[in-house]
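All chains, please: the whole structure from these sequences, using the hints.
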Amino acid sequence: IICCTGNVISFGLFMSPVPTFISIFKAKSVQNFRSDPYMATILNCGVWAFYGLPFVTKDNTLVITINGFGFFLEIFYALVFFIYSTWSKRRKIMLIFLGEMIFLALLVFLVMTFVHTPSRRKVIVGPICIFFNVLMYFAPLTVMRQVLRTKSVKYMPFLLSFANFANGIVWTTYALLKWDPFIVIPNGLGTLSGLLQLILYVVFYRTTNWDEDDEPANII
437 IICCTGNVIS FGLFMSPVPT FISIFKAKSV QNFRSDPYMA TILNCGVWAF
487 YGLPFVTKDN TLVITINGFG FFLEIFYALV FFIYSTWSKR RKIMLIFLGE
537 MIFLALLVFL VMTFVHTPSR RKVIVGPICI FFNVLMYFAP LTVMRQVLRT
587 KSVKYMPFLL SFANFANGIV WTTYALLKWD PFIVIPNGLG TLSGLLQLIL
637 YVVFYRTTNW DEDDEPANII
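Numbering (our numbering), first residue to last: 437 to 656.
Don't read these hints as lab results, they were simulated from the structure.
Check each hint, because a few of them may be wrong.
Here are the simulated DMTMM-like cross-link-like pairs (lysine to aspartate or glutamate), alpha carbons at most 20 Å apart as the crow flies [to be verified]:
| # | residue 1 | residue 2 |
| --- | --- | --- |
| 1 | Lys494 | Asp616 |
| 2 | Lys528 | Asp472 |
| 3 | Lys525 | Glu536 |
| 4 | Lys525 | Asp472 |
| 5 | Lys614 | Asp495 |
| 6 | Lys558 | Asp616 |
| 7 | Lys558 | Asp495 |
In structure tokens:
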């Protein structure tokens, strides 16, 4: 039940930026939204989908499915950022994406070629998953810094922050019950990251200067 709940919340996490992208489509510009969280999530989903495969770990079908879905959805988000960004930002997105794909391909090739047992593969891939999961959860630090500087949460979507927090709690609970430290560690830190974002939202919501054509409900 916990795992199914985790997948539902993870699905919500991946879908939570939809209002942000509706705003981007309407403005035909990424405005001050940042691509960092989405670029980090692409690689995170890729390594976790690999981790969940039966020749790396057993009985992790739900880990494969939700991260496979997230992988392709985040690529779509990155494509939207690419289309509506300036050339300098496009170049950054393209270079990061190519680097991520090369890294992921090399990881799969090297592990499958030179490591021959699932238990050893898990020990190698697991810490890599921890690193990129933590990177995904803390990618919004750039947005949080912007919130502290501008005292505005306009470009820190509430749904994404809340979904990060809820996702961290549920997957930490799941990993504690199953005892998988490779899932416990990053999601415990993810819970903390989501909580910090929610605190910032509460603190700076009233000082945010919403544009006349922007309602808070649309931004969040």
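Tested hints:
1. Lys494 to Asp616: It holds: about 12 Å lies between the C-alpha atoms, which stays within 20 Å.
2. Lys528 to Asp472: Holds, at about 10 Å.
3. Lys525 to Glu536: holds (17 Å)
4. Lys525 to Asp472: holds (11 Å)
5. Lys614 to Asp495: Status holds; Cα separation ~11 Å.
6. Lys558 to Asp616: holds (11 Å)
7. Lys558 to Asp495: Status holds; Cα separation ~13 Å.
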